[in-house]
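Engineer: Residues per chain are reported as follows:
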Amino acid sequence: MKRYSAFAVAREALGNHMGWERAWASPEPKKKYDVIIIGAGGHGLATAYYLGKNHGITNVAILEKGWLGGGNTGRNTTIIRSNYLQDPSAAIYEKARSLYETLSQDLNYNVMFSPRGVMMLAQTQHEVRGYERTAHANALQGVKTEFITPARVKELVPIINLDGPRYPVLGALWQARGGTARHDAVAWGYARACSAMGMDVIQKCEVTGVRTVDGKVQGVTTNRGDIDCEKLGVVVAGHSGHVADMAGFRLPIESVTLQALVSEPIKPCMDVVVMANTVHGYMSQSDKGEMVIGGGTDGSNNYTQRGSFHHIEETVRALVETFPMVSRLKMLRQWGGIVDITGDRSPMLSKTPVENMFINCGWGTGGFKAIPGSGWGFAELVAKGYSPLTEEFGIDRFKEGRFIDESGAAGVAH
Amino acid sequence: MLILECPCCGVVGEETEFAGGGEAHLKRFGPGSSEENFHDYLFAKENPKGVHFERWRHANGCGKWFHAARNTVTLEVYGTYSAQTYEPPQEIKDKVSAKVPGWSWREFA
Chain U
1 MKRYSAFAVA REALGNHMGW ERAWASPEPK KKYDVIIIGA GGHGLATAYY LGKNHGITNV
61 AILEKGWLGG GNTGRNTTII RSNYLQDPSA AIYEKARSLY ETLSQDLNYN VMFSPRGVMM
121 LAQTQHEVRG YERTAHANAL QGVKTEFITP ARVKELVPII NLDGPRYPVL GALWQARGGT
181 ARHDAVAWGY ARACSAMGMD VIQKCEVTGV RTVDGKVQGV TTNRGDIDCE KLGVVVAGHS
241 GHVADMAGFR LPIESVTLQA LVSEPIKPCM DVVVMANTVH GYMSQSDKGE MVIGGGTDGS
301 NNYTQRGSFH HIEETVRALV ETFPMVSRLK MLRQWGGIVD ITGDRSPMLS KTPVENMFIN
361 CGWGTGGFKA IPGSGWGFAE LVAKGYSPLT EEFGIDRFKE GRFIDESGAA GVAH
Chain B
1 MLILECPCCG VVGEETEFAG GGEAHLKRFG PGSSEENFHD YLFAKENPKG VHFERWRHAN
61 GCGKWFHAAR NTVTLEVYGT YSAQTYEPPQ EIKDKVSAKV PGWSWREFA
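Protein chains in written order, with this note's numbering: chain U, 1 to 414; chain B, 1 to 109.
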């Protein structure tokens, strides 16, 4: 793999840019791999990358039924933060956020990480107390956040309306080192790095069955033939329940559609990410100038990747009352992704009832921010059978009552 | 837009009139049942890609609970029926079979 650099740009310019090589190979699947990862989204590719980088396992295939990063990795609103209440969550999300800081250098691929600051508005007394508590918890966890006053909110976001018609802004939880990154580039950067390590990223390869012998995983059946493996990592978000079904066990997960929309591009007007959980809308401005807006999840299970129409109205209504200037913006695109929601709104990175089969799912409505940390921890779990980052996120926690209850802490937009 | 007919009051309304209540036909387990039963009752929900049976409430209407047979991929509604039943009525099952031959959902088919 030729490294990307300013020098490379100059060198290729001399050759009329005909010398750029493909960022990743598209190999035919081999008969057997040490590890197969199902799902080439951010989490799956990051898992493969850290398997190679941290644990020296490079005989790895990443199977993707569609195209690279075409699921939730390419559908989220790109927010990165780690201001969580519970210790296990703060640990994995902060690991992810800190890895994002140097990800472009590590991958030699510009993921456009922009630590512009993330603000979560407190618009009820309940939220004020909740976020003050989170700020204290974060201080103990070593995550830098602070609770700021409405005046400081206005200073950071001049376009905000502090005296909302329904809910005035009473303060905010502010994480200055949170921000955004280019979501596609995260998948592409990891894919390129995996390919450079000799791993096979195989697109348009749909897993149709999981083969087991005596309760131990043997391989998978795909639309491109049978592939054997020593270990299997399932990282398929909304379709986790579907794959678990193939292996003969059930997951405490339900799939719903979460939607997002973007406006027409406008001049820079807001250089932080703002989340308003009470009225339920969140917004940031992309480098192109579009306002990127996160919407709500559907109230019933579905696999449609489009979402209920009335949620658009709810989200836009929330944003118009928080940022009156957006009332004149036209919305350009709207889409949905299938998110996998667990009983306590926290992910599962876990062994499964099938030996040597591991699952990384349940990231629900907030997985993008966790990609590097999730890959780091899950790779360790797959390679060694144990990871301090993932130990609290086992499937068994529901049976044992050890919930990592973030739904109360982080509100709806989590 | 999802449109449901409330079998309790007969009103046909769009999604905002109703509130989803999760999986239908949950089995409750009494004293002496295992932890496994309780775990499954609370958490191991059906999450089918296809035919699904759900509880809904006519929240902004008559306020009553009812059941709906729905497809989670096509969003087609096969029908709604009374919640006072342990399994989907034969008529609803027939409607589903006509559209999705060979479907199954838990022990129903």
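These are calculated hints, taken from the structure and not from any lab test. Given the structure is predicted, the values throughout are model-derived calculations rather than measurements. Check the hints yourself; a few may be wrong.
[Claimed, not checked] Okay, the calculated bits of chain B under chain U, using three or more residues with CB under 8 Å as the criterion:
no., segment
1, 16 to 26
2, 29 to 43
3, 67 to 79
Positions of the beta carbon are idealized from the N, C-alpha and C atoms, including for glycine.
Engineer: Work down the list of hints and note, for each, if the structure agrees.
Structural biologist: A quick look at each hint next to the structure:
1. A count of 4 residues in the segment 16 to 26 of chain B with a Cβ less than 8 Å from any Cβ of chain U is obtained; the coverage claim is therefore met, three being the minimum.
2. Interface restraint, the segment 29 to 43 of chain B with chain U: holds (6 residues with C-beta to C-beta distance below 8 Å; minimum three).
3. Under the rule that three or more residues need a Cβ within less than 8 Å of chain U, the assignment of the segment 67 to 79 of chain B holds, with 4 such residues.
Consistency with the previously given hints is maintained throughout, with no hint failing.
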